[in-house]
Structure formats: structure tokens, C-alpha cells
Amino acid sequence: MAKVDAVENTTLRRARFAPYGLLSPGIIWLILFFLVPLWTLAKIALSDKPNPFLPEYEFSWKFSNFTDAVSDNIDLIGKSFLYAAAATIAAILIGYPLAYFIAFRGGKYRNLMLGLVILPFYTSFLIRTLAWKSLLADRGPALGVVRTLHLTGVTDAIGLTQNGRLLNTALAVIGGLTYNFLPFMILPIYVSLEKIDIRLLDAAKDLYARPSSAFRRVVLPLSMPGVFAGTLLCFIPAAGDFINAEFLGGPNNGMIGKRVRDLFLRESNYPAAASLSIIFMIIITIGVLAYARALGTEELAG
Amino acid sequence: MSAPAGARQSRLLPFFAGLVLLYLFIPIIWIVVFSFNRPAGRQNVSWNEFTLDYWKHPFANEPLTEAFIKSLELAVVASLIATAIGALMAVALARYRFKGSGTINVLLVLPLTTPEIVLGASLFTLFFNREVAFGFETVAIAHILFCVSFVALTVKARIRGFDWTLEDAAMDLGSGPFRTFRKVTFPLILPGILAAGMLSFALSIDDYIITSFVAGDSLVTFPMRIFNQARTQTPPYINVLASMILGVTVLLFVFSLIRSSRREAA
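Heads up: the sequence lines are chains D and E, in that order. Going by this note's numbering, the first sequence opens with residue 1, and the numbers climb by one from there. Going by this note's numbering, the second sequence opens with residue 303, and the numbers climb by one from there.
Because the hints were derived from the structure by calculation, they are not lab data. Remember, predicted model here, so these are calculated numbers, not experimental data.
Facing chain D, according to a computed beta carbon distance under 10 angstroms, are these residues of chain E, among others:
hint	residue
1	328
2	334
3	514
For glycine and all other residues, C-beta sits at the position ideal for the given N, C-alpha and C.
Please work from the sequences and hints to get the whole structure.
As C-alpha cells, this is what we get:
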């Protein structure tokens, strides 16, 4: 018995320290290159910039940086979140039915269809967006179809095009964002749908639920974790993205990401840039927490 | 799995699903088709003339090829290191119960819920403050950072149901800890690790936003090259290289489909 105890003790002791050993490289990396940089960013966000022509700055608890960042960029901030929200909603509307179809009616083609969803995203993000730029261009195929059908007046009237153009409109940016982040919506929804026990639907049917109410009261609530995860994976990168705005949006549809980058790399105004990115992150975090609370899926946030 | 009640009759759903899949492939088809186009000007935007020239000499555009090779090198380095670090974390989190595991989980998720511009900006300020020279190393550090979280979380999800008593069984049968790891643990977690490694590779090779913050003036990656010259020129070489990456991916995909269908048949 004594020997068994001793063996168990050593395995226990090993078990107590082993996880920390395995974790240490990753934790060190995350602290050094994630937490410390965020700390540096926060400090610079509160710094003063005595000379407008030099990149130097000094720490001075300058909270007015934050109010300045908001008031100087209020329209960009609003636009970024509006575009990202519109793209996320569009992605849910487009992605949910496809995820549903693959999960419940995919049969033996399920893996094939999942692969087809992911495959386009193995071409570069930039190249895909450039392809959309050509597709939506003034002499491109999308407007060609509209013109041959003599629908320019109609599409202008319903806001699909502006003066017969697709490129450089808000809609083009939202469309690009929707396209580029769609798989991040489809995959989590698919995963949560796939987990649903099909017998629940049989039970609903046996209890005389109509298909629509079975969907609304059984499938939809059970797939909410997927919608939640998909929304985060879509909304956060979409709000910070500036590639779609750059290629598809033109001068009037800029987004906050571009502004942050220009403040850092072109204007070298580090305090302004840092405070703007901190504000952006705070808004996102508050939004995520509020959204989690509204959906009642707090446990997913952690 | 059978269809849920009432959904069997609906023809609208498969039609819509087909449309969405088509939508996903429209730009991809465009990219591949225009790799065979000889553009009239410097922009490869409208169809001019069929040619195989760009496919015959896919690497003839030197700045683009150079950037492409740099991106490949970066992706190899970043995905190898990130996969090693991330897989160790995943094993620790899935295998052991210990104090602070909740905090570690939050720490792992945070880089994924932080917008890329904030990650890029914060790393930029760090390197700038410490006067670290921007270049290959700084970009690799950034790529490893966002890949580690992806690797740790995907590997963890893959091995959560893993039966760890197999390790004990091997030890009971006289196998030492290293032999147990090599013969039992490693083969079981390998598929998850490979999948995570491929994901990291894809994330790294495609990243533009974070990279543009920490690359400095000397390093130009493939996405950076495309972004910088997009306003003035889009040579079909871009399409050729993109189609090649796509082709390799399709081959890997078909291979894995065949393998998994064989396994199901067996």
C-alpha cells in the first residue's frame, strides 16, 4: 500500500506542476506581445504631444485625447459600426439558411458542402476584394446586366446604385464585408445546428407544433450560441477592416481602421492614434457584453 | 440525419442554398478566369484576350514573386512556432484541472476578440518604444500571437473528448512517460495539431492589417505588395499565384474527402 501511495503522490505532484510547464511558453508570449503592448498603447493614449511636427510624446494623464478622438472621428466611428452591423445582419440572413440546409439536409454531401464554404477563403482576402472591385466596376459585368435590362433607373430609385454606379457606394462596402466574413457566420451556426437532437423536432411534431413554430421555438433557440459566436467573428473584424472600404468604398466611405493606421504610420500622431484605437476597443467590448447579455449566452463570452 | 418536420417539402431552401454557394464562388471564378487574360492596360479588370503567357512564367514578376516567397517563409515560421506553443497549451487545458485555467482561457480568447487594428497598433507602439527594428522578426512575432490563440482553441476543442486513461494504461503496461507520449498521446492529438497548423499557415499568409503596422519599410509581404500597387496596376500574375494556392488547397481537400469517405466505408 505504501508503495502505491508513493506512486500516486508523484503522479499527483507531476500533475500539479505539469500544466504550468506546458502553458508557460504560451503565457509568456501572450503577456509579452499582447498584454504589455496593450498597456503601452493605453499609456500613449494618455500622453501629450508637445510639438505637432515631431512624433515625440510624454505621459501626462491627458484624458482629453479620448474626447478629441471621439469628436474628431464621430462620423467615421458611426459609419464603421453601421457598416459592420449591416454586414453582420446580412451574413446571418444569407448564412443561416445555408448552414441549416447543410446540417439537416446535407446528407452524405455534408462534408463536401462545408468544404465548398471554406474553399473560396483560401484565396487571398485582398485578391477576392479586388475581384469584387472588377465585378462591380462601371464597365463590369454586374452593371452590364443592369444596363442591358434597362434597369438603371429602377436600381437608382431603390438605392442599389448611385447615379448608375455600384462602386464607391456604402452598399458596395457592406457587400464586400458580408462576403469576406460570411464563412465565419456559417460555420459556427452549422456547428450549433448539427448538435441539435433530431428527436426534439419529432417531439415537437408529435405535440402538434407546426413546422414554423417548431423552428421558432426549438431550432432557433438551440442555435443561438452559433449565431452569437458568428456575430462576434463577423462583426469585430468587419468593424476594424479597411480593405473593403479602400477598394470598394472610395473617398466618402472610409472606415475607422484606415484612420487609425494613417494616424500611426503617416501622421505619426501616436497619442491621437492610440486613444482612437482604445476608444474603438472599448466600444466593441461594451457592445459584445451587451449583446451577450441580451442573448443570455454570457458563458460563451469567456 | 432525417429532415425536420415539414422541411422535406420545401424546395425553396435547396435553391437558396445553391445561390449562396454560387455567390461564394463568383469572385473565385473571376480570379481564375482572369489569370488567362492579357489585359489591355495595367489593370486586369476587363476581358481582352486569352493567353497562357502568365501561367507559363508564373514567377516572372520579380517584386511580386519576392513578396510571395517572403510570405511563404513567414507563414512557415509563424505556423510552426504557433502550433508548437498553442498545442502545448491545449494539452494542458484539456488534460489537467488546475487553478487559473479560467483566466488562461480568457487570455486566449482576448486576442481573437480584439480588433486587428488594435493588435497591430499596440504591437507597433511596443516595438517603437523599445526601438526594435521593424522587419521579418516583428511580423513573425505578431503572426505567432494571433495564431497561438487559434491553435490552442481548435486543438483543445478537438481533444476534449480524448480518453486520457489510455496514457495510464500504457504506463501500467510498463511504458515510460516519453514512450507513452510518442506512441499513445502524440498519434491521437496529431490530426488536431495538423489542422490547426494549416489554419495558422492560411491566417499568416493572408494577413494584411496587422502586418502593415509592424512590417516597417524593408519587408514587403504578398498581401502588402498587392495592396500597395492595387491603385496603379493589377498584373495577372496575382491571379496566377492565387489560383495556384487555390489549386493546392483543392487537392488537399479532395484528398481528405476521399480519405474520410474510405474510412466511413471501412
